[in-house]
Amino acid sequence: GAGVSQSPSNKVTEKGKDVELRCDPISGHTALYWYRQSLGQGLEFLIYFQGNSAPDKSGLPSDRFSAERTGGSVSTLTIQRTQQEDSAVYLCASSSRERGEQFFGPGTRLTVL
Amino acid sequence: AQTVTQSQPEMSVQEAETVTLSCTYDTSESDYYLFWYKQPPSRQMILVIRQEAYKQQNATENRFSVNFQKAAKSFSLKISDSQLGDAAMYFCAYRSSSSNTGKLIFGQGTTLQVKP
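Protein chains in written order, with our numbering: chain V, 87 to 199; chain R, 415 to 530.
These are computed hints drawn from the structure, not numbers from a lab.
Where is the CB? At the ideal position from N, CA and C, for every residue including glycine.
Please note that the accuracy of each hint is not assured.
Counterexamples of contact, computed for chain V against chain R with all Cβ distances above 12 Å [to be verified]:
(1) Ser-95
(2) Glu-100
(3) Glu-130
(4) Ile-133
(5) Gln-136
(6) Asn-138
(7) Asp-142
(8) Ser-152
(9) Gly-157
(10) Glu-187
One side of the interface only, derived from the structure: several residues of chain R facing chain V at Cβ under 10 Å [to be verified]:
(11) Ser-456
(12) Phe-482
(13) Ile-519
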């Protein structure tokens, strides 16, 4: 079946604007992760969703970052008032169960000018 | 907190030769999982191999094998008969068995170049 998809593939925005990044997990996968890959910080965990449980937001770097997952499927990561340090590749992964193997999407490259 | 360290930012290997990528980690836990992921220029992370800490036997997947030294907290990846398609960035990752989230903690990555 289809893998994890993310859109857009690339996003260029101006400092101060809000952006939304979308993740479509593998159908039936209950667990969904967002990670950020940047030159300065490497690959870091942002947020985790599992079924209808409250998400683990412990990795979000500031309150400008938020994410939601509608209907237990599609997830949107929102960054408000973007800053240049937000420039990174944002990766989404899904898993069929809690702590199962994670399958990654191709990521969204965000560039903040 | 757990940390993962990859001390080789870049490595190169001749096609058909063998290369070893290093990874060390720090944890106070006794049960955990370790992974090697490959990230080609397409950016999509692909799981190469996994190792469960309670298993003494080193994991093997075709041309890929690991040398897991639990006491030394070392987890190296050996790629045998290197192929051009192996060129990519490789990440070592740790996952706690007790974590509710199963989040991965990654090393900084090693870029592997394969020379024809």
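Review point. Any of the earlier hints contradicted here, and which numbers?
Key: 1, 3, 4, 5, 7, 10 and 12
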